[in-house]
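Following the hints, put chain B in place on chain A, whose structure we already have.
Protein chains: 2
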Amino acid sequence: MRTPKQLGAHAEAMLAELAAFSDGDNGLTRLYLSPAHRRAADHVAGWMRAAGLETAVDPLGTVRGRWKPERKRRLLIGSHIDTVVDAGRYDGMLGVVAGILAVEEIAARGLALPFGIDVLAFGDEEGVRFPTTLVSSAALAGCLVPSDLDTRDAEGVSLREALVAFGGDPEAAASAAYGRDEAVAYLEVHIEQGPVLEAEGLPLGVVTSIAGQSRFNITVTGEAGHAGTVPMALRRDALAASAEMMLAIEDVARRGAAHQMVATVGRIAARPGAVNVIPAEVAFTLDIRADADAPRHAAIAELEARLLTIATGRKVSARMEKFFESPTTPCAARLQEAFAAALGDLGLGQRRLASGAGHDGHAMHHLTDVGMLFVRCRGGISHNPAEFAAVDDMGLAVEALVGAAVRLAADAASSGDRT
Amino acid sequence: MRTPKQLGAHAEAMLAELAAFSDGDNGLTRLYLSPAHRRAADHVAGWMRAAGLETAVDPLGTVRGRWKPERKRRLLIGSHIDTVVDAGRYDGMLGVVAGILAVEEIAARGLALPFGIDVLAFGDEEGVRFPTTLVSSAALAGCLVPSDLDTRDAEGVSLREALVAFGGDPEAAASAAYGRDEAVAYLEVHIEQGPVLEAEGLPLGVVTSIAGQSRFNITVTGEAGHAGTVPMALRRDALAASAEMMLAIEDVARRGAAHQMVATVGRIAARPGAVNVIPAEVAFTLDIRADADAPRHAAIAELEARLLTIATGRKVSARMEKFFESPTTPCAARLQEAFAAALGDLGLGQRRLASGAGHDGHAMHHLTDVGMLFVRCRGGISHNPAEFAAVDDMGLAVEALVGAAVRLAADAASSGDRT
Numbered sequence: 083m084r085t086p087k088q089l090g091a092h093a094e095a096m097l098a099e100l101a102a103f104s105d106g107d108n109g110l111t112r113l114y115l116s117p118a119h120r121r122a123a124d125h126v127a128g129w130m131r132a133a134g135l136e137t138a139v140d141p142l143g144t145v146r147g148r149w150k151p152e153r154k155r156r157l158l159i160g161s162h163i164d165t166v167v168d169a170g171r172y173d174g175m176l177g178v179v180a181g182i183l184a185v186e187e188i189a190a191r192g193l194a195l196p197f198g199i200d201v202l203a204f205g206d207e208e209g210v211r212f213p214t215t216l217v218s219s220a221a222l223a224g225c226l227v228p229s230d231l232d233t234r235d236a237e238g239v240s241l242r243e244a245l246v247a248f249g250g251d252p253e254a255a256a257s258a259a260y261g262r263d264e265a266v267a268y269l270e271v272h273i274e275q276g277p278v279l280e281a282e283g284l285p286l287g288v289v290t291s292i293a294g295q296s297r298f299n300i301t302v303t304g305e306a307g308h309a310g311t312v313p314m315a316l317r318r319d320a321l322a323a324s325a326e327m328m329l330a331i332e333d334v335a336r337r338g339a340a341h342q343m344v345a346t347v348g349r350i351a352a353r354p355g356a357v358n359v360i361p362a363e364v365a366f367t368l369d370i371r372a373d374a375d376a377p378r379h380a381a382i383a384e385l386e387a388r389l390l391t392i393a394t395g396r397k398v399s400a401r402m403e404k405f406f407e408s409p410t411t412p413c414a415a416r417l418q419e420a421f422a423a424a425l426g427d428l429g430l431g432q433r434r435l436a437s438g439a440g441h442d443g444h445a446m447h448h449l450t451d452v453g454m455l456f457v458r459c460r461g462g463i464s465h466n467p468a469e470f471a472a473v474d475d476m477g478l479a480v481e482a483l484v485g486a487a488v489r490l491a492a493d494a495a496s497s498g499d500r501t
Numbered sequence: 083m084r085t086p087k088q089l090g091a092h093a094e095a096m097l098a099e100l101a102a103f104s105d106g107d108n109g110l111t112r113l114y115l116s117p118a119h120r121r122a123a124d125h126v127a128g129w130m131r132a133a134g135l136e137t138a139v140d141p142l143g144t145v146r147g148r149w150k151p152e153r154k155r156r157l158l159i160g161s162h163i164d165t166v167v168d169a170g171r172y173d174g175m176l177g178v179v180a181g182i183l184a185v186e187e188i189a190a191r192g193l194a195l196p197f198g199i200d201v202l203a204f205g206d207e208e209g210v211r212f213p214t215t216l217v218s219s220a221a222l223a224g225c226l227v228p229s230d231l232d233t234r235d236a237e238g239v240s241l242r243e244a245l246v247a248f249g250g251d252p253e254a255a256a257s258a259a260y261g262r263d264e265a266v267a268y269l270e271v272h273i274e275q276g277p278v279l280e281a282e283g284l285p286l287g288v289v290t291s292i293a294g295q296s297r298f299n300i301t302v303t304g305e306a307g308h309a310g311t312v313p314m315a316l317r318r319d320a321l322a323a324s325a326e327m328m329l330a331i332e333d334v335a336r337r338g339a340a341h342q343m344v345a346t347v348g349r350i351a352a353r354p355g356a357v358n359v360i361p362a363e364v365a366f367t368l369d370i371r372a373d374a375d376a377p378r379h380a381a382i383a384e385l386e387a388r389l390l391t392i393a394t395g396r397k398v399s400a401r402m403e404k405f406f407e408s409p410t411t412p413c414a415a416r417l418q419e420a421f422a423a424a425l426g427d428l429g430l431g432q433r434r435l436a437s438g439a440g441h442d443g444h445a446m447h448h449l450t451d452v453g454m455l456f457v458r459c460r461g462g463i464s465h466n467p468a469e470f471a472a473v474d475d476m477g478l479a480v481e482a483l484v485g486a487a488v489r490l491a492a493d494a495a496s497s498g499d500r501t
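Residue numbers (our numbering), protein chains in the order written: chain A, 83 to 501; chain B, 83 to 501.
Excised from the complex, chain A in its bound form (with noise of 0.2 angstroms):
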């Protein structure tokens, strides 16, 4: 049995290790079904077994170590280990390196489960090469788009083709989804990569939700005319319209605070574009992201009023197009309870907070309830090779890893569950 400082300092070793699997020399890439991801699957694999695992890779090719593969119930623990282009290396594999030390120590401890564990590295969650994303857990939880094996990568390779030369099989695809009776619940540990554990002073938090999102394309359409003659009454400014519109929109989210919204105006240009010339159109975007999907529907609706208002007041027209949207998907309670629970027992806060950016969860929600923890992260940066964790702080996340399977054993010995 290993201290929470020794797990911590376990994991980031492990976590050097596998930055060394990149696609390119400098820095850390690692994009799905590329060589270093095999290489790094081949690597995950190997500690899988060392720990007393089972392995295999779907068909998808996310490994899969089972641990007393003889049972049918399955607690599924994991997270991804692609990235994105020059990453860090906390996000995503923290989540697979916990769960192999987690269930390492639980076979240490000797602590008695009614269910066997899936430690699950998947390939797909960051999205980069190919256009759609969380294939790999999509085809575990049983909602994989079959048409989305034939989309293709900017060298034109089909995401079947990448299959094969991986190793996979996507012909065997549908074979890759779980029982809905096999999966108990599925645990993932992440880095937060956001600046709330660390401006609180903690060192883990409980996810309530997987943020959904929803972003516009907004377009502003006023009156070009010349910066000197044109008084200001007389105005039909786009890009003055936009900046109240701006303002509107950082109002409705702070107000939003209690359902953790956000909202970002990401893109914006004026055309015509010049020094001397009142901007005629003035096109901006718009992700907005709440712990629930009513709050973001109800701040939508508001901001659309508010738009329209402000367009209204300034003779411009306004028009706001939705090109994307991902509903929330909730964390359940009793995973939420056993994280928290798990806290408690180390002596730590509890703080409950909702995820703003997408996870491997919002597949596996189709299969079976969905449990997250969140590690503090270093000024909230990730998607950087300056992410970073601290070993202590990864240490506890592998404990409290452990304290949530074992009462997850609790909760199903109390409720009369059979394995």
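One thing to keep in mind: the hints can contain errors.
[Stated by the list, open to error] One side only, chain B facing chain A, incomplete, derived with CB under 10 angstroms:
1) Asn-108
2) Tyr-260
3) Asp-319
4) Leu-321
5) Ser-324
6) Met-328
7) Ala-356
8) Ile-360
9) Thr-367
10) Ala-374
11) Ser-399
12) Met-402
13) Cys-459
14) Val-488
[Stated by the list, open to error] Chain B residues, not near chain A, derived (Cβ > 10 angstroms throughout):
15) Thr-85
16) Ala-101
17) Pro-252
18) Glu-274
19) Ala-322
20) Ala-339
21) His-448
Honestly, the hints are just simulated from the structure, not real lab data. Glycine is no exception: its CB is placed at the ideal position from the N, C-alpha and C atoms.
Quick look at chain B alone, frame taken from chain A:
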């Protein structure tokens, strides 16, 4: 003696003739010292001679038509015959045509003036071809910067070379200047290029000044972050800060309405510019103008303070760098009175307004008092083939120009001015 309507119809016909001299086949484009400028200058000189004026092209390519050339004291009336790319036919040209028609009327009516009149057709007001502007009026006003002759157009042709090709004489540039004791005043008729007169149902307006202007590049630096994981309260969003700054800019300009203040953010760019990333840096431009320098400078100082306050409150930084400034050119009170009296004689309102756009008067102010008369311009549209001024309005402008010249003659007589 023609009625205002007849004068307007005559002006309209002359402007239509002049619009045929273009450097392209489509629309009207006539850059300084181009072949079309040469042909237009010859055509204008022909009109001047037909009106009884003695003509010459000066070293910088300005066509000068002299009425009563033997008189030392000269009233200067002019505007420009160069255009922007894909221009309208009124901007500049109307002032030259109005000058010729006014002198014809003064002669036809046998009006006794104590000074001669020079009608001037400048060639470099738009500043499109060379990286300088107003060189033709500056030479005449004695404030030409000699090094401007060495600037080059996009093809690498120097202004000096282009002048020689045109038939000008760059070596004689210094001799183009009037003596200070020669000029009575400089008068210019020009389309408003803005919507004020139209909005108030007035055909003509008296210009109070040519607005000074200052231009800035403003850079706001915050911190990039994940659009889903950074709570609103922890953001340092450079674009949200910029939106608040843009509204402050608008507010300051609106409150400066008494000084005809206008402020425009015409260009904006946000980095990194991704739909799901909080903007780290935003750059935008500010163009601010007013009818006098003091209120413009006060507004800039206020804006600097307000932008700093906004930046501080949002934990971002803001940099405001001036890259252009031109001082206000006041129109002489006596010339405003002369135009206003002429408008009164015509039974017209005497609206006074600053010119937000730049004009040759800006250079001519170095030589003598400047007076300008604005003509209503449909929709405020200029620098566009849709530019339009009504026949009746143009006829009234010629009549007002005659009236102002007569008023100046009376002033000169009462003050004992001798020609």
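Now the hints, each set against the structure:
no., hint, in the structure
1, Asn-108, "violated, 20 angstroms"
2, Tyr-260, "violated, 28 angstroms"
3, Asp-319, "holds, 8 angstroms"
4, Leu-321, "holds, 6 angstroms"
5, Ser-324, "holds, 8 angstroms"
6, Met-328, "holds, 4 angstroms"
7, Ala-356, "holds, 5 angstroms"
8, Ile-360, "holds, 6 angstroms"
9, Thr-367, "holds, 4 angstroms"
10, Ala-374, "violated, 14 angstroms"
11, Ser-399, "violated, 18 angstroms"
12, Met-402, "violated, 14 angstroms"
13, Cys-459, "holds, 9 angstroms"
14, Val-488, "violated, 29 angstroms"
15, Thr-85, "holds, 30 angstroms"
16, Ala-101, "holds, 21 angstroms"
17, Pro-252, "holds, 29 angstroms"
18, Glu-274, "violated, 7 angstroms"
19, Ala-322, "violated, 5 angstroms"
20, Ala-339, "violated, 7 angstroms"
21, His-448, "holds, 21 angstroms"
Figure legend: structure checked against the earlier numbered hints; hints not met, in rising order: 1, 2, 10, 11, 12, 14, 18, 19, 20.
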